[in-house]
Amino acid sequence: MRNDWLIDRRTCLRGIGAALALPLLDSMGWAEEPAGAASKPPVRLGFMYMPHGVIMERFWPSDPATFLTAPPPQILESLRPVLGQCLVVKGISGVPIAPLNGAPHALELSTWLTATLPDTDKRSRVNIAISADQIAANYVGALTALPSLELATMPQTHKENQEGLHEAYYSHCSYRSPTQPVPAEINPRSVFKRLFQSREQNQGAGKSGAVAAADPLDRSMLDVVLGGARELRARLGNGDQHKLDEYLDSVRSLERRIFAIEHRQADAAKAAAGGGPKRSVTDTARIEVAIPEGDKRSEYMKVMCDLTVLAFQSDLTRVSTYIGSTPNGVSYPELGFTDEHHSQTHHNNEIVKVDKVARINAFNVAQFAYMIKKMAALKEGDGTLLDNCIMMWGSGLENGNKHTRVNLPFVIAGKGGGTLKTGRYIPDAKGNQGDLLQTLLGCAGIPLDRPIGIATKTLTEMTSG
Amino acid sequence: MNARSHMLPARFSLLMGGVVLSLSVASAAESDADAGAGLAAARATAMKTHKEQITPFITTYCDRCHGEKKKKGGVTFEYAVKHPGASSFRPLWRQAVANIKTHDMPPEKEAKQPSEQERQVFLDWVAGMKHLSPKDPGPFVIRRLNKIEYGNTLHDLFGVDPRIVTELPDEVLGAGYLNSLSPLLMEQYLMVANEVLSRILAPAGAPPTAVQKQMFGAAPTVGQDVKAAAREVAKSLARRAYRRPASEAELDVLLRVFALATDAGKKYHEALRLMLKAILVSPQFLFITPAGDVDAKRDIVPLGDHQLASRLSYLLWATMPDAELSALADAGKLHEPEILAQQARRLLSDPRSRALFDGFGAQWLGLDKLATKTFDAAKFPQLTPALRTAMYEEARLLFDSIVRENRSLMTFIDCDYSFLDGTLAAIYGLQETVTGTAMRRVQFTDANRGGILTMPGILAMSSFPNRTSPVNRGVWVLEQVLGEHVPPPPADVPTLEKQDQKKVASMTLRQRTELHRNDPTCASCHKVLDPIGFGLENFDAIGRWREHDESGGAIDAAGELPGAQRFTSPKELKRIIAGRTADLCSNLTGRLLAYALCRQLEGYDEIVVDQLADAVAKDGYRMQTLVIAVVTSYPFTHRRLTDQPGIPHAK
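Residue numbers (our numbering), protein chains in the order written: chain Y, 1 to 465; chain S, 1001 to 1651.
Hints may contain errors.
[Unchecked claim] With a cut-off of at most 30 Å between alpha-carbon atoms, the simulated DSSO-like pairs for lysine-lysine come out as follows: (1) S:Lys1297 x Y:Lys159; (2) Y:Lys421 x Y:Lys353; (3) S:Lys1297 x Y:Lys122; (4) Y:Lys193 x S:Lys1101; (5) S:Lys1373 x Y:Lys402; (6) Y:Lys353 x S:Lys1527; (7) S:Lys1101 x Y:Lys159; (8) Y:Lys296 x Y:Lys421; (9) S:Lys1379 x Y:Lys457.
Hints were generated in silico from the structure; no laboratory data involved.
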């Protein structure tokens, strides 16, 4: 029975709610995986985003019956070798955005993992909902060195505020709480350092100030500082208190992370001495990651995908979100044209623009395909890394030309540890974005204490069993 | 002016629309008391109109679809009409204004249609709605130092290179600042703290560095009170790092960290090292926090002097207050308006005030993204990093000269000088006279040059990667210079008539762009936008002068703006724009206030902008006056402690 061990944790979570942070772990410290869990690789959850929707007629397969045999549509071409591990789902509608109809691009990304419309009465501040990736991170994050990984290609500094909505909605899709967007990392070098500082600490990484190379007293020091912050909180006004709560939460996470790293090191030492549990679940050598020097977007995106694969392969995290591109000013010179993505999506069926958008779509899917193929080539347990992953690629708009959100484009890859039935095209899912997220989290064994955004059901047609 | 603002519903065209009300405020603003009386009168009028005309208007024309029962399109006036001054409903009213103006609402099929006069009353009332907002400075929630401020503060404290923070994520500054903290950022703060300590302190056992000696002093000798010595060190370190005196309780926390280290067998300096690290990850360092307790009984309080010192210093310098500001805060004098203004002047005259351009000016002019904007390299090979830097520097130096020389805001539009180096001079066609790599002041003889409208970097930012965009340039001038809001084109833009491709190929960009003005949907906005863009067509996508565009056709830079204002060249267009001094002033005042407050403006802020802009106008629109007006303003010097302001009830 897979994931039975989660029941234990669910028991301890009862009454807290999976959608909340886990303060309990402060006293528990490092979460131990129950005995026997190591025999079954964990399920990892990944999300990758592209804005502005797709050219529909070049994205959706023509017929479910010939999904695996007919040549794939132009945009999905790069997935051809791994279509058997994919699930293409049509019929997933987005969050209705009225009365914020003038903000399609601020909402396409921010509603993508929240399935929730921002609070329209407080639109100049961030107020939305915890996102699906962070719900997952709250649950499985305590089991790994990093609760989750958030990556992006572009800096999250876009300054447009459609409909008076806060700028952050334009460039953030992960929300730790309704009011706390999670920033993404855009520098592959920093990501690498952050993932592996605990391993490389003996090679002088301490000089660059890595957390793991920190003073052994750091955790106790943070504890004292946290106590001081609580005293400060007590004498602040309530608006200030809410802000300080973000600080308290972040310091607690940091303590946990330091503890996790120390714990890993202790494990590794035990393993090296020939005893103790082996936490690493992979059977293969760590993949190589070369960090490119130039500014070629495909190389940049590939290295971010590599880092995701590497983090999953080494079980450094089980949740990852990659904003492959953002809804503003992005162009793709390596495709041979410098036009900005957004300007081309309002194509009015002009064939030149339609072609360009389709090529941008195909380019983004190709980076996703690169990651999927890499995962499919890595052995893990009786199968591959991909078998134990749920990788979702998609967009928060259906058709960038008219800003429609009826059939959002989604490709799901990976079998989720046997929970997802792949190799299929489902042409009429009749669900919404919340339903989809809820279904995928369910497959990853994440219990929910409330629906995700507008969700009303689980999409059983996607799952096996 | 009104022809334009009717065309383009806007943040600040709302201000401009309220002509009657703002004039009464302006004429009454001689003294505070008069201003108060003027505001009270305006408020009474707005309340009366609300009761007698607006509520019936909503009931008659809107309620059936947007009332208590039906909320078509998610839109309802149910709550908004009960709380007319509440800023949370401002976007709803703005949308309503746009729909009422264009006759999109009520829908044509509805039998009951408001008369033109009724529509106008509605529009005027919304324009004057700000007068219903209660006096409110807005919140000043403890603010985290942004990436740049954090780096500069570390530099000022310890002499480390501010680039020590390079790996932190870039952030939106000013109105869109996301005052948020995440576990990732906290982890990075700890990493940076470690890095700082390893740079400035000697390794364990090694002799102390100079900085270390200065900060920590000598280790107490046998018999001396170690804890008392450590407490003294904590007190002085925290005073600087927290930018205010630390309370006894806060010092106790630091001493607990010190004890933690000594209990673990650390020597004096090593224990102080851990204490300093604790300071660097404390909220009092990472955020601007108030000293002392808040008075829980009060809703609105003035900023404490230390908080004010930080707010001022981070606004103008992007770094911590210096010794003089700190001393004035310690003496409890900084909040005195004269002293505050004098300090603002002093900060502006210091080179560190370039932070105001890097943070505010560059964002206003759109140049913060110049370094990374994609251009067609084959078409514009000259757009090297060096040229991009020179373009940015040109704008920065102009901004700086206007601030430092306390010039009129109009200088931004109509000045006859700029700052060039050899690279940039080539774009201006002045490569014969200006050479070398140093930026220097250059006087223009050609009146088509000079000012932000024709500055190469700015022209490049509003262009496509491979050509100019008259539409984008028009939007830029209206929004960034005049403070109007141009609504985005509808998503489903009707397809243009299929044009004979051969015919189109021989047309200039202007002739092709004009084609879409035949469509009434497009024309309403484009007849204002496009002429401005056409007037700038003599400048190519990177700002070089040209007589012909890429089709080979001659540039026709003539046009007409509403009010029969005709122009035939960029210099004449500039003159027309420069005539709208009050709009530029309102716009810049609003933008700088929002930047200074790190939030969007709403409700009562709009009244504040009116008052400040008015004061700036009276002093010849001078730049320093504008900055001082903002830093001495009510919302900059006060804060609301509660989450929501009181909502006035319509009687």
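Here is how each hint holds up against the structure:
no.: 1; hint: S:Lys1297 x Y:Lys159; result: violated (37 Å)
no.: 2; hint: Y:Lys421 x Y:Lys353; result: violated (36 Å)
no.: 3; hint: S:Lys1297 x Y:Lys122; result: holds (25 Å)
no.: 4; hint: Y:Lys193 x S:Lys1101; result: violated (56 Å)
no.: 5; hint: S:Lys1373 x Y:Lys402; result: holds (26 Å)
no.: 6; hint: Y:Lys353 x S:Lys1527; result: holds (26 Å)
no.: 7; hint: S:Lys1101 x Y:Lys159; result: holds (28 Å)
no.: 8; hint: Y:Lys296 x Y:Lys421; result: violated (36 Å)
no.: 9; hint: S:Lys1379 x Y:Lys457; result: violated (54 Å)
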